[in-house]
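Participant: Take a look at the letters that make up each chain.
There are 2 protein chains.
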Amino acid sequence: MLILLRGFENILTFVKIVRDPAEIPLDGPRPRALVPTMGFLHEGHIELIRRAVAGSAETVVSIFVNPLQFGAGEDYDTYPRDLERDAALAEEAGADWIFHPDPERMYPPGYATSVRVAGPLTERWEGERRPGHFDGVATVVTKLFGLVRPDRAYFGEKDYQQLQVVRRFTEDLNLGVEIVPVPTIREPDGLARSSRNVYLTPELRPRANVLYRALRAVREAAAGGASPEQARVMGEKVLAEVPEFEPEYLAVVHPETLEPLQEWVPGARGIVAGRFPAVRLIDNMEVWIP
Amino acid sequence: MLILLRGFENILTFVKIVRDPAEIPLDGPRPRALVPTMGFLHEGHIELIRRAVAGSAETVVSIFVNPLQFGAGEDYDTYPRDLERDAALAEEAGADWIFHPDPERMYPPGYATSVRVAGPLTERWEGERRPGHFDGVATVVTKLFGLVRPDRAYFGEKDYQQLQVVRRFTEDLNLGVEIVPVPTIREPDGLARSSRNVYLTPELRPRANVLYRALRAVREAAAGGASPEQARVMGEKVLAEVPEFEPEYLAVVHPETLEPLQEWVPGARGIVAGRFPAVRLIDNMEVWIP
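As they're listed, the protein sequences go chains P and R.
Here the first sequence stands for residues 1 to 290, where the numbers follow this note's numbering.
Here the second sequence stands for residues 1 to 290, where the numbers follow this note's numbering.
Note that these hints are calculated values from the structure, not bench results.
Every residue, glycine too, gets a C-beta built ideally from N, C-alpha and C.
Keep in mind that a hint or two might mislead.
Which chain P residues face chain R? A few, computed with CB under 7 Å, are given here [what the hints assert, rightly or not]:
| hint | residue |
| --- | --- |
| 1 | 112 |
| 2 | 116 |
| 3 | 118 |
| 4 | 142 |
| 5 | 147 |
| 6 | 172 |
| 7 | 173 |
| 8 | 196 |
| 9 | 197 |
| 10 | 198 |
Short derived list, chain R residues pointing at chain P, Cβ under 10 Å [stated by the list, open to error]:
| hint | residue |
| --- | --- |
| 11 | 38 |
| 12 | 120 |
| 13 | 122 |
| 14 | 124 |
| 15 | 139 |
| 16 | 169 |
| 17 | 172 |
| 18 | 174 |
| 19 | 175 |
| 20 | 254 |
| 21 | 255 |
| 22 | 259 |
| 23 | 262 |
Build the full structure now, drawing on both the sequences and the hints.
Facilitator: See the structure below:
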């Protein structure tokens, strides 16, 4: 166990950082909450931590950039990292300790196991564009649950398909952890908070809320009586207004199975993804409230 | 929860049988031991239960014929089952309660998750002949660990490759369960105890110890200075003496990786499998003790 000591706005902050899985304390106060993150914390993560702290006797934040969930050619090596800042922010939000393992401790030589959710939930959308991504997520979250033994875990709705995948394997494997979803935190112009937003250039940043605006257009069309497909087309029109954005998908889907909808169902979700040349962004929104 | 009441050799036996995963008691005495079985208990299982009882405050026996680990054309439907007898035997051996879920409760509609150990450990031998078998084992054992929350679990060395697979994913996924191996129990003529031995006809039964005799021949050749390959050939000669037996493999392997050996290592294992027309048998033995 390591004590990180630093100055932060003239206040000395102390936060326990556990690096060795063997040193994780298992007999702390209950319920224990886990907030799994890849670090470079933003307001979305802080909201997860605040909710966890409000509802639990102990809150653990894990910070681990999981190599298993990055594909070849993705940004594992360059994914933004700043442990010192993250530790201060997590503590400020009320976290009791941080779990920050080395990749070599999580995946030692001889490591051979993966957790996989099969079927349409992982074959479409992000699963189609990022082969192996959800296997990596399912595997590392299963490991984190085994190591930290939380009673509940907090996930942002920003990564909506991931949230449904986590719910699926947690129930299927009887892991005994309650999955708590937390709504997406947005910038004032609607851009969903994401660690990857730092990649946006000042020129692109004002246009990056096009995903949000497209989802709003879908929701407004739905409220006005459009079918799911008609509403989707209204969203596509908004996306087309920003030529720098290369859309990958915009769909209206079932909130649990993520299958495209022909008819509205309660909780129907709009999901969208695409690229500005330098950064891939995703977003989602509940688009039909009966 | 269901109380099974029956007469057994003039003694009334009571043993709790939990069928609903939601009714598993989690706050019993610790350490808790789990003995995962597919039922139709024989002396090998009883030995597992006895060892678990001797070393633990509470012993749970699971009885579940797991459809996921049977391939197409295998004997899932006809696998022998006798819950009443199993319950009496488990109780007699000291089990505190039995977990006996319905397949529909373990794999409800929408179920989509599997645990997989990749690489040579699962590609060879049983993994090659029974595609998906080890995925099914890894998945159900992960589920049983999640449901029963044991501190340790007992597995027979009879299914040696399975034992190594269980060790692998239990460590890889940080499931926090100690895996305790238990030596194979044999009939007086050396035949390893197996629930599938009931398929042996009276004519075949006396020849069914050919797997054991072949492994003994490997061990004796090793003790006499033979190389792993020379020792293996001595075992093959024994197998060839029984024309009704169709060998699938006989190999001398590393005790953890199950890769074929060119040179002896401590714990080197002989493994053998094959078919009498009506029944497939496997066996294994430590063949080199330095």
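Participant: Next step is simple, just say for each hint if it's right about the structure.
Facilitator: Quick rundown of the hints versus the structure:
For residue 112 of chain P, the interface hint holds, the least distance from its beta-carbon to any beta-carbon of chain R being 5 Å, beneath 7 Å. With 7 Å as the threshold, the beta carbon of residue 116 of chain P comes within range of chain R, its nearest partner Cβ sitting at about 5 Å, so the hint holds. A least Cβ separation of about 5 Å between residue 118 of chain P and chain R falls short of the 7 Å threshold, and the interface hint therefore holds. Because the closest C-beta pair between residue 142 of chain P and chain R is about 5 Å apart, less than 7 Å, the hint holds.
This hint holds: residue 147 of chain P has a C-beta 5 Å from the nearest C-beta of chain R, less than the 7 Å allowed. Evaluation of the residue 172 of chain P hint against chain R yields a held restraint, the C-beta minimum of about 4 Å falling below 7 Å. A distance limit of 7 Å between C-beta atoms decides the matter here; for residue 173 of chain P the minimum to chain R is near 5 Å, and the interface restraint holds. With a least beta-carbon distance of about 28 Å to chain R, the hint placing residue 196 of chain P at the interface is violated under the 7 Å criterion.
Interface restraint check for residue 197 of chain P: the shortest CB-CB distance to chain R comes to about 32 Å, outside 7 Å, so the restraint is violated. For residue 198 of chain P, the suggested interface contact is broken, since its CB lies about 32 Å from the closest CB of chain R, more than 7 Å. For residue 38 of chain R, the suggested interface contact is broken, since its CB lies about 18 Å from the closest CB of chain P, more than 10 Å. The interface hint given for residue 120 of chain R is met, as the beta carbon of that residue sits about 9 Å from the closest beta carbon of chain P, less than 10 Å.
Taking 10 Å as the C-beta contact cut-off toward chain P, the hint placing residue 122 of chain R at the interface holds, the least distance being around 8 Å. Checking residue 124 of chain R against chain P by beta carbon gives a least distance of about 13 Å; that is not within 10 Å, so the hint is violated. Proximity of residue 139 of chain R to chain P holds as hinted, the smallest CB-CB distance being about 8 Å (cut-off 10 Å). At a threshold of 10 Å, the smallest CB-CB gap from residue 169 of chain R to chain P is about 4 Å, leaving the interface hint in force.
Below 10 Å, beta-carbon pairs count as interface contacts, and residue 172 of chain R has one with chain P at about 4 Å; its hint therefore holds. Interface restraint check: residue 174 of chain R against chain P, minimum CB-CB distance 4 Å, threshold 10 Å, status holds. Nearest Cβ of chain P to the Cβ of residue 175 of chain R: about 5 Å, under the 10 Å cut. The hint holds. About 12 Å separates the beta-carbon of residue 254 of chain R from the nearest beta-carbon of chain P, more than 10 Å, and the hint is not met.
The beta carbon of residue 255 of chain R comes no nearer than 14 Å to any beta carbon in chain P, farther than 10 Å, and the hint placing it at the interface is violated. Contact between residue 259 of chain R and chain P, as hinted, is not supported at the beta carbon level, the nearest pair being about 12 Å apart and thus beyond 10 Å. Because the smallest distance between the Cβ of residue 262 of chain R and any Cβ of chain P comes to about 20 Å, over 10 Å, the interface hint for this residue is violated.
Violated hints, in rising order: 8, 9, 10, 11, 14, 20, 21, 22, 23; the structure is consistent with all others.
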